[in-house]
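*Asks:* Residue numbers (the numbering used here), protein chains in the order written: chain S, 1 to 339; chain F, 1 to 339.
Some clues are possibly wrong.
To be verified - Going by beta-carbon spacing under 8 Å, a handful of chain F positions derived as facing chain S:
#	residue
1	V187
2	F257
3	I297
To be verified - Restraint-style ranges between C-beta atoms, simulated for each label pair:
#	chain 1	residue 1	chain 2	residue 2	range
4	F	G295	S	G259	52 to 62 Å
5	F	S25	S	P318	49 to 59 Å
6	F	D64	S	P318	50 to 60 Å
7	S	F113	F	L179	45 to 55 Å
8	S	S25	F	S338	38 to 48 Å
9	F	K339	S	C262	54 to 64 Å
10	F	G295	S	T261	22 to 32 Å
11	F	S25	S	E275	35 to 45 Å
As the list claims (entries may be wrong) - Here are the computed lysine to aspartate or glutamate pairs in the EDC-like style, where the Cα-Cα straight-line distance is at most 20 Å:
#	chain 1	residue 1	chain 2	residue 2
12	S	K28	F	E31
13	S	K336	F	D260
14	S	K339	F	E31
15	F	K193	F	D213
In case anyone wonders, no lab produced these hints; they're calculated from the structure.
All C-beta atoms, glycine included, are put in the ideal place defined by N, C-alpha and C.
There are 2 protein chains.
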Amino acid sequence: MSTRLKVVQFGIGPIGQSCLRTVLSKNKSIELVGAIDIDPEKVGKDVSEILGLEQKTGVIVGSDARAVLENARPDVVVHTTSSFLASMYDQLLLCAEYGANVVSSTEELSYPFDRHPEISVRLDEAAKKHGVTLLGTGVNPGYAMDALALMATGVCNEVTSIEVNREVNASLRRLPLQLKIGAGLSVEAFEEKKATGQFGHIGLVESVKLIADGLNWPIERLNETLDCVISPKKVVTPFLTVEEGQVAGIHHYAKAFIGDTCVISLDLKMFVGAEDPRDAVLVQGDPPVDLVVRGGIFGDTATVATLINGIPSVAAGPAGLATVASLPIPRAFGTKWSK
Amino acid sequence: MSTRLKVVQFGIGPIGQSCLRTVLSKNKSIELVGAIDIDPEKVGKDVSEILGLEQKTGVIVGSDARAVLENARPDVVVHTTSSFLASMYDQLLLCAEYGANVVSSTEELSYPFDRHPEISVRLDEAAKKHGVTLLGTGVNPGYAMDALALMATGVCNEVTSIEVNREVNASLRRLPLQLKIGAGLSVEAFEEKKATGQFGHIGLVESVKLIADGLNWPIERLNETLDCVISPKKVVTPFLTVEEGQVAGIHHYAKAFIGDTCVISLDLKMFVGAEDPRDAVLVQGDPPVDLVVRGGIFGDTATVATLINGIPSVAAGPAGLATVASLPIPRAFGTKWSK
Numbered sequence: 001m002s003t004r005l006k007v008v009q010f011g012i013g014p015i016g017q018s019c020l021r022t023v024l025s026k027n028k029s030i031e032l033v034g035a036i037d038i039d040p041e042k043v044g045k046d047v048s049e050i051l052g053l054e055q056k057t058g059v060i061v062g063s064d065a066r067a068v069l070e071n072a073r074p075d076v077v078v079h080t081t082s083s084f085l086a087s088m089y090d091q092l093l094l095c096a097e098y099g100a101n102v103v104s105s106t107e108e109l110s111y112p113f114d115r116h117p118e119i120s121v122r123l124d125e126a127a128k129k130h131g132v133t134l135l136g137t138g139v140n141p142g143y144a145m146d147a148l149a150l151m152a153t154g155v156c157n158e159v160t161s162i163e164v165n166r167e168v169n170a171s172l173r174r175l176p177l178q179l180k181i182g183a184g185l186s187v188e189a190f191e192e193k194k195a196t197g198q199f200g201h202i203g204l205v206e207s208v209k210l211i212a213d214g215l216n217w218p219i220e221r222l223n224e225t226l227d228c229v230i231s232p233k234k235v236v237t238p239f240l241t242v243e244e245g246q247v248a249g250i251h252h253y254a255k256a257f258i259g260d261t262c263v264i265s266l267d268l269k270m271f272v273g274a275e276d277p278r279d280a281v282l283v284q285g286d287p288p289v290d291l292v293v294r295g296g297i298f299g300d301t302a303t304v305a306t307l308i309n310g311i312p313s314v315a316a317g318p319a320g321l322a323t324v325a326s327l328p329i330p331r332a333f334g335t336k337w338s339k
Numbered sequence: 001m002s003t004r005l006k007v008v009q010f011g012i013g014p015i016g017q018s019c020l021r022t023v024l025s026k027n028k029s030i031e032l033v034g035a036i037d038i039d040p041e042k043v044g045k046d047v048s049e050i051l052g053l054e055q056k057t058g059v060i061v062g063s064d065a066r067a068v069l070e071n072a073r074p075d076v077v078v079h080t081t082s083s084f085l086a087s088m089y090d091q092l093l094l095c096a097e098y099g100a101n102v103v104s105s106t107e108e109l110s111y112p113f114d115r116h117p118e119i120s121v122r123l124d125e126a127a128k129k130h131g132v133t134l135l136g137t138g139v140n141p142g143y144a145m146d147a148l149a150l151m152a153t154g155v156c157n158e159v160t161s162i163e164v165n166r167e168v169n170a171s172l173r174r175l176p177l178q179l180k181i182g183a184g185l186s187v188e189a190f191e192e193k194k195a196t197g198q199f200g201h202i203g204l205v206e207s208v209k210l211i212a213d214g215l216n217w218p219i220e221r222l223n224e225t226l227d228c229v230i231s232p233k234k235v236v237t238p239f240l241t242v243e244e245g246q247v248a249g250i251h252h253y254a255k256a257f258i259g260d261t262c263v264i265s266l267d268l269k270m271f272v273g274a275e276d277p278r279d280a281v282l283v284q285g286d287p288p289v290d291l292v293v294r295g296g297i298f299g300d301t302a303t304v305a306t307l308i309n310g311i312p313s314v315a316a317g318p319a320g321l322a323t324v325a326s327l328p329i330p331r332a333f334g335t336k337w338s339k
């Protein structure tokens, strides 16, 4: 690549910081030109200080998104501020206004058309007006339970149903995630917290919609269910201990129907002590396809990868609000051997 | 889909006939409007007669491609006439001239830029001039050993090497394929026939190039090797018997290097008696990805599927010479549930 793509990082939470590290590591292909966050602890500091790097980057965190974009004029914004669209889509409109393509971790942006039809129209119009591509992606939603499933159907003449099973061993993940899935709670405490809407994966419905839209399937009914996984044994992680009979994590699943037939089943289990982590796609059809990523796709690292790998994709993409299903096959970018 | 895409079948050999059956079965989404072949046994007959169908299709096989295209004005041509580009790229130019997008089984078209740079330029220019998309695809090349490998890297921050292993149990395939891989020959007879260039899979180098280009990897050296697989036991298929010590099939592999590092290894085994048929992609990187299609992707059926599933993709694609890596994720088309 002769000229490096200029990148602004919008949102410097844990994922945003990992994105920053990755962007800096790929400086042969991309150039960090700005960083945005509203946290007073971060504003005004060189990015290196936040990341604990010795060498200054020369990029100072700004809280005024407009000013940063005006000054930096990025090709692409890597956006990691929120899971939800309603509270922050103005950030995306602002990026579009400055001619910046966006790859965002916002789960609701992975398939926004049904949940937020009006916002989707506004985003699409703004993107087209300014000639930029807006994309929501990640490992899940964005890959493991949707794009990979669509890909699996690519060799099928007929598809009658799709079943995706993602099992994540949360023992290997960081403490906030273990707490987020309720590990170590009693079943009663889990149910109480669940009633407040604090548990569960965001984006399962979006994944269903991505698959259904990709196959042009008119889903008639969609059930989404959240249960806890009860630990059959004592599990000790680096951070906490789960006793037998306590909650080990979540079991979150969605089933989509046409008539009485369950045509799409997405099943996500994230719990400590999971012994068979995997991402499995089973396509019933002609021919059937039984695809599995053994050991599963490691969430934290891979989420950052899907975002950074989306940079050249949105930079080259057609103007408008895109999805992982409307852009070319995702692939690694700026690797060790890349020109 | 409100209007059906109009399709012409160009080439009515075994794969072309399967394509015709599939096109006719998806008549909710696509409409067969023409068929081209030069075989005097087929010319002038209704397609139904060639396929052994009771009901007439109203589509008569024509030998004059220009006349068929002129009359039928298809949106998409499904092209299955040859593995090689040099002898037939004028067929593709003709399709472009009539404003028809093309999805072709021509192995060399899956990544034509290195082997046929001048033809590639001519095809790309013609496609752009007439606003059509030209694509070469299939299961292999086009999916199992290239597109799927690229897809697997989509969740990686770093990729240091890619290894693809495709093992096909030829016992389940038709007789011509079993003969094509030398099943039942002595090793000497295999070596003699191999020297005449009659064995081997077409497209392995194209798959390497698709991956390398997708990752922007500057391959410095590429070794391609064809061996026979010797049967360790007696194998009886519905068509023939292979004795212990006879040839069971082919082992065809390619290794691509940057410096002294083998960065891409594609390994294809097609033989009778294969006990672990599979399509496996192993990505070394961060994170590593260990993806496998258990039981493998069934070649004959899936090849037709990749072509037919390419119809809406080329119809909507950007003008020019495309590859599976430049178009959106392949997916099933016109299935039972599709609108």
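*Asks:* Is 52 to 62 Å respected by the C-beta to C-beta distance linking G295(F) and G259(S)?
*Replies:* About 29 Å separates the Cβ atoms of G295(F) and G259(S), which means 52 to 62 Å is violated.
*Asks:* Hint says 50 to 60 Å; check whether the CB-CB distance for D64(F) and P318(S) agrees.
*Replies:* Violated: the Cβ-Cβ distance is about 37 Å, outside 50 to 60 Å.
*Asks:* Using 8 Å as the Cβ threshold, decide whether F257(F) counts as touching chain S.
*Replies:* Not OK, violated: F257(F) not within 8 Å of chain S, min 10 Å.
*Asks:* Taking the CB of S25(F) and the CB of P318(S), does the distance hold inside 49 to 59 Å?
*Replies:* violated (31 Å)
*Asks:* Go ahead and decide if the range 38 to 48 Å is satisfied by the Cβ distance of S25(S) to S338(F).
*Replies:* holds (43 Å)
*Asks:* Compare the distance between the alpha carbons of K28(S) and E31(F) with 20 Å, and conclude whether the hinted pair is satisfied.
*Replies:* Not satisfied, since the Cα-Cα distance of roughly 49 Å exceeds 20 Å.
*Asks:* Has the given pair, K336(S) with D260(F), been kept, meaning a C-alpha gap of at most 20 Å?
*Replies:* Satisfied, since the Cα-Cα distance of roughly 14 Å is no more than 20 Å.
*Asks:* Assuming the hint says 45 to 55 Å, is it satisfied by the Cβ distance from F113(S) to L179(F) or not?
*Replies:* holds (51 Å)
*Asks:* Verify the proposed pairing of K339(S) with E31(F), using a straight-line Cα cut of 20 Å.
*Replies:* Violated - the C-alpha atoms of E31(F) and K339(S) are around 44 Å apart, more than 20 Å.
*Asks:* Below or equal to 20 Å on CA atoms is what counts here, so check K193(F) against D213(F).
*Replies:* Violated - the C-alpha atoms of D213(F) and K193(F) are around 33 Å apart, more than 20 Å.
*Asks:* Per the hint of 54 to 64 Å, is the separation of the Cβ atoms of K339(F) and C262(S) within bounds?
*Replies:* violated (18 Å)
*Asks:* Does the closest beta carbon of chain S sit nearer than 8 Å to the beta carbon of V187(F)?
*Replies:* violated (33 Å)
Consistency note: the structure conflicts with the earlier hints numbered 1, 2, 4, 5, 6, 9, 12, 14, 15.
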